[in-house]
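Asker: Those protein sequences? They're chains V and C, same order as listed.
Under the working numbering, the first residue of the first sequence carries the number 1, and numbering increases by one thereafter.
Under the working numbering, the first residue of the second sequence carries the number 1, and numbering increases by one thereafter.
I should point out that these hints are in silico values taken from the structure, not numbers from a laboratory.
Please note: incorrect hints may appear among the correct ones.
Claimed, not checked - Some residues of chain C that are not near chain V, with every Cβ distance over 10 Å (derived): (1) Pro-46; (2) Gly-53; (3) Ile-178; (4) Leu-328; (5) Phe-331.
Claimed, not checked - As a list, the in silico SDA-like pairs of lysine to any residue whose alpha-carbon atoms are at most 25 Å apart: (6) V:Lys-3 with C:Ala-152; (7) V:Lys-24 with C:Leu-42; (8) C:Lys-47 with V:Val-92.
Backbone N, C-alpha and C fix where the C-beta goes; we use that ideal spot for every residue, glycine too.
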Amino acid sequence: MSKYFGDIFGGFYSLMVGLGITIKAFFQPVVTLQYPHESLKMTPRYRGHIELVPDPETGEALCIVCGMCQKNCPTGCITVAGAKPEGSKKKVLTKYRLNFTTCSLCGICVESCKPNAINFSKDYNLAGPRKEAFIFDLLKRLKEKNG
Amino acid sequence: MDLLSSEIVRVLAFLVGVIAFAALNAAYLVWLERKEAAHMQLRIGPKEVGPFGLLQPIVDGIKLMTKQLFIPKGCDPILFMIAPLMIMVPAIMSFVTIPFSETLVARNINIGLLMIFAFASINVLGLLLGGWGSANKYAIIAAARSVSQNVAYEIPMLITVIAVVMITGTLNLNEIVIQQGGMFWNWNIFNVFASPLMPVMFVIFFICSLAETNRAPFDMAEAESELIAGIYTEYPGMGFGVFFMGEYANILIGCALTVILFLGGWQCPFGVAPGVWWFLLKLYILVFTVIWIRWTYPRTTFYGLLNLSWKILIPISLINLILTAGMLKVF
Chain V
1 MSKYFGDIFG GFYSLMVGLG ITIKAFFQPV VTLQYPHESL KMTPRYRGHI
51 ELVPDPETGE ALCIVCGMCQ KNCPTGCITV AGAKPEGSKK KVLTKYRLNF
101 TTCSLCGICV ESCKPNAINF SKDYNLAGPR KEAFIFDLLK RLKEKNG
Chain C
1 MDLLSSEIVR VLAFLVGVIA FAALNAAYLV WLERKEAAHM QLRIGPKEVG
51 PFGLLQPIVD GIKLMTKQLF IPKGCDPILF MIAPLMIMVP AIMSFVTIPF
101 SETLVARNIN IGLLMIFAFA SINVLGLLLG GWGSANKYAI IAAARSVSQN
151 VAYEIPMLIT VIAVVMITGT LNLNEIVIQQ GGMFWNWNIF NVFASPLMPV
201 MFVIFFICSL AETNRAPFDM AEAESELIAG IYTEYPGMGF GVFFMGEYAN
251 ILIGCALTVI LFLGGWQCPF GVAPGVWWFL LKLYILVFTV IWIRWTYPRT
301 TFYGLLNLSW KILIPISLIN LILTAGMLKV F
């Protein structure tokens, strides 16, 4: 008999606890993000594809065209080319091509870069109709960024 | 003026009013259900169509109405088409006797309570015919389940109602409400001098009305994780839509009855300005609770459902019936 009533009261109490949990959730703020209209800021350690770091003064690429990233890349997805303009001592970057279809985001290029001229971008919503859309011209991107 | 006050105009006005109330509520309770479910799961719910998604039920209705009314091969076309109406019509008929306020009642019948329970039992027949008529194994399993469920839960519900009727001494819903006038301790739920188990009776009646309307956690008729959609499996477009509206209209009837029998109907808890607003406030608080319960508990097993009725609800309501009779005789 005591088990019968114990079951009823225990069951009723646990049902009330359940109702309490849902009503608390009801008054909590929603966590849904209306994705196309709003999006989260990516965390600073997010590793997107690489991009060139501009010189804070001139806005040109910091890259010295040493070619370390190209040499170290395990999948060979980076192609760098540079040229020495007349009367200049330093090489200037003329081409920085990233084939993102084979990049594994290992980050060896960023680690090996002495002047810290490349870093990870925060781009995460990448989509394209063709494979060629993922062969990035990073120099062009930098120029577009500078306006 | 003679024409306006005539009986026919009155009947027509209430007919249109009752159907509009039932249909509007059925549409917007779906919206409320989706919103409430969403917020309990920390989501937003419908928001794109209209402000706060308020036009969503209308858009859903248009979508259902433009669908083809497809009758599957091998099913009984007459039963198949009648079944949704047998859910919807009794629900709308029951609104006739519901007193929204002292004067706002379509027909103040002396046996209003009896009439509502008579119509509520047609509901089960609708579910059974719908399941049988669709000639689908899931639908038939669901129909068999919902019939035994409704039979099991009608007993404690009616025993509870008998206890209430013994206290009030009338089957007229408006008079039951009038007797609960004044402050809130005059309501039947707090009427512990008539029977100390009255709050328990309220809980039993509420549980039974959940089970009678096939609401979660007793939604055996539409056990979507086990039986696809139960008896609604084969229904296309508005056939399903009418079933759905009937379900919400039945929830409204169940909650309205609970309010009238236990929570003082259109009476104010503090005795000021009784009227239709208090009735609607109590009604929607109960409807909110029904939806709240649905989005809290998982579905019970079928055995658990029948055990709850036969082992707990029926004995307790019988004890209360005897107790009430004794208390009425002694005091």
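Asker: All the hints need checking, so say for each whether the structure fits it.
Answerer: Hints, one by one, checked against the model:
1. Pro-46: At roughly 12 Å from the nearest Cβ of chain V, Pro-46 (chain C) sits farther out than 10 Å, so the non-interface label holds.
2. Gly-53: holds, 13 Å
3. Ile-178: holds, 32 Å
4. Leu-328: Correct as stated: the minimum Cβ-Cβ distance to chain V is 26 Å, above 10 Å.
5. Phe-331: holds, 27 Å
6. V:Lys-3 with C:Ala-152: holds, 23 Å
7. V:Lys-24 with C:Leu-42: holds, 10 Å
8. C:Lys-47 with V:Val-92: Roughly 53 Å between the alpha carbons, so the hint for Lys-47 (chain C) and Val-92 (chain V) is violated.
Of the hints listed earlier, the one the structure fails to meet is number 8.
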